[in-house]
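Chains as they are written, first to last, in this note's numbering: chain A, 398 to 536; chain B, 265 to 399.
If you're looking for bench data, these hints aren't it; they were derived computationally from the structure. Errors might be hidden in some of the hints.
Simulated pairs of lysine to any residue, SDA-like, Cα-Cα distance not exceeding 20 Å [to be verified]: (1) A:K481 with B:K338; (2) B:K295 with A:N507; (3) A:K503 with B:E302; (4) B:K333 with A:G451; (5) A:K503 with B:K297; (6) A:K472 with B:K318; (7) B:K333 with A:E453; (8) B:K280 with A:D439; (9) A:K472 with B:K399; (10) B:K280 with A:S506; (11) B:K295 with A:R493; (12) B:K345 with A:G451; (13) B:K338 with A:R456; (14) A:K435 with B:K314; (15) A:K472 with A:R493; (16) B:K280 with A:T441; (17) B:K280 with A:N507; (18) B:K314 with A:E480; (19) B:K380 with B:F356; (20) B:K280 with B:K364; (21) A:K513 with B:M368; (22) A:K407 with B:G279; (23) A:K435 with B:G279; (24) A:K481 with B:A342; (25) B:K333 with A:T441.
This one's a predicted model, so the numbers in the text were calculated from it and none came from an experiment.
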Amino acid sequence: MEENEKKLSKVGIVSCSGEDFPEGTISRLATLEALHHKKPFDTTTICLPLFIAGGEGDRMFAKNHPVITVDGCEKLCAKRATEKYSGKVACSINVRDFIKDSDEIKNKSNLNEDEKRIASEVTDAISLKVDDILKKNNK
Amino acid sequence: MKDKKFIIIPCSGIGKPIGTTSRETTYEIIKQKPGLAETACLALLTSGDKETIKKINDNYCITLDGCAKHCALKNTQACGKIPDKSYMILKFAAENRDMKPEGMVDIGEGGRALVKTISKKIISDMDEILQDEKK
Ligand code: SF4
Ligand code: SF4
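For reference, chain A alone in the conformation it holds in the complex (with noise of 0.2 Å):
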């Protein structure tokens, strides 16, 4: 039964909003790829800013999931608030990361061919995390 509950348990993924930069977009963008397309059965999500608006149960996310923070920039505001009202993080990822100089990053929504490209980058990058936590947490 313990080693059923282990298998079935999932990786949270959660990406800061980034309203204000493009990075925010491509974070959000990454994520959601990874958790509809790449990882959909073995990941799930949380609103952030729900750690306070929400109840006890959402501030237990951390704490329920191994969890990925998603970040576009160095301030790595999902991993703060999770971390601060949560739980420790399992892995963090900032978007800033995988941007070369020569990329052209300027866009909150429709995303040109750089910032498409990097968030693919991530979204693999987080895929490839959430195998790696799943394979150690079931070992």
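Chain A is already provided as a structure; the job is to place chain B with the ligands on it using the hints.
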């Protein structure tokens, strides 16, 4: 007081098309009112960033939530600011059933029509606030 701006804070709810609609509506208002409307990352407020808390306290603030959990409103209030106006996408969606946001990444034609409708209403309320201030 003349240079006070409107800081529009959407909830951006990641799991729902109405969250994406709140975000897109914010961008539409900023496009329509450049120099007057800005946004701030809600996650910065949630994580307690001092500069962002000061920004919303020094300016007009409008919150735009997807659902009745009112995350943008509650996070803003938790930072000591009562928003000058707060809105909920679900309420507009219920009043405009022919305009339905479809996806979380692309809200579709219905969602875009809803964005236009909501942003028009909010911009008109912003103008009213500025008029009242002049009186
Ligand atoms: S991590 Fe950066 S982009 Fe994301 S919400 Fe915070 S300030 Fe905005
Ligand atoms: S108001 Fe609703 S949709 Fe928006 S972040 Fe909160 S729970 Fe999510």
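Evaluation of the provided hints:
Restraint check for K481 of chain A and K338 of chain B: the C-alpha separation of about 17 Å stays at or below 20 Å, so the hint holds. Of the supplied pair hints, the one linking K295 of chain B and N507 of chain A holds, its CA atoms being roughly 14 Å apart against a limit of 20 Å. Distance check on the hinted pair: K503 of chain A and E302 of chain B sit about 16 Å apart at the alpha-carbon level, within 20 Å; holds. For the given pair, K333 of chain B sits about 7 Å from G451 of chain A by alpha-carbon distance, which is consistent with the 20 Å threshold.
At most 20 Å may separate the alpha-carbon atoms for a hinted pair to count; K503 of chain A and K297 of chain B meet this at roughly 19 Å. Proposed proximity of K472 of chain A and K318 of chain B is supported: the alpha carbons are some 17 Å apart, at most 20 Å. At most 20 Å may separate the alpha-carbon atoms for a hinted pair to count; K333 of chain B and E453 of chain A meet this at roughly 14 Å. A hinted pair counts as satisfied when its Cα atoms are at most 20 Å apart, and K280 of chain B with D439 of chain A qualifies at roughly 19 Å.
Distance restraint check for K472 of chain A and K399 of chain B: the Cα-Cα separation of roughly 41 Å exceeds the 20 Å cut-off, and the hinted pair is therefore not satisfied. This hinted pair checks out: K280 of chain B and S506 of chain A have alpha carbons roughly 17 Å apart, not beyond 20 Å. With a C-alpha separation of about 25 Å, the suggested pairing of K295 of chain B with R493 of chain A is violated against the 20 Å cut-off. Taken as a hint, the K345 of chain B and G451 of chain A pair is honoured in the structure, with Cα atoms around 19 Å apart against an allowance of 20 Å.
Among the hinted pairs, K338 of chain B with R456 of chain A is consistent with the structure: their alpha-carbon atoms are about 15 Å apart, no more than 20 Å. At most 20 Å may separate the alpha-carbon atoms for a hinted pair to count; K435 of chain A and K314 of chain B exceed this at roughly 36 Å. Note on K472 of chain A and R493 of chain A: the hinted pairing holds, with a Cα-Cα distance of about 11 Å set against a maximum of 20 Å. Under the criterion of a C-alpha separation no larger than 20 Å, the hint pairing K280 of chain B with T441 of chain A is consistent with the structure, at around 13 Å.
Taking the CA atoms of K280 of chain B and N507 of chain A, the gap is near 18 Å; set against the 20 Å cutoff, the hint holds. Distance check on the hinted pair: K314 of chain B and E480 of chain A sit about 18 Å apart at the alpha-carbon level, within 20 Å; holds. Between K380 of chain B and F356 of chain B, the direct Cα distance comes to roughly 11 Å. Compliance with the 20 Å bound is thereby established for this hinted pair. A C-alpha spacing of about 12 Å is found between K280 of chain B and K364 of chain B, which places the hinted pair at or below 20 Å, so the restraint holds.
For the proposed pair K513 of chain A and M368 of chain B, the alpha carbon gap of about 16 Å is at most 20 Å, so the pair holds. For a cut-off of 20 Å, the pair hint linking K407 of chain A to G279 of chain B stands: about 16 Å separates their Cα positions. A hinted pair counts as satisfied when its Cα atoms are at most 20 Å apart, and K435 of chain A with G279 of chain B qualifies at roughly 16 Å. For the hint linking K481 of chain A to A342 of chain B, the alpha-carbon distance of about 15 Å falls within 20 Å, and the restraint holds.
About 19 Å separates the Cα atoms of K333 of chain B and T441 of chain A, which keeps this hinted pair within 20 Å; it holds.
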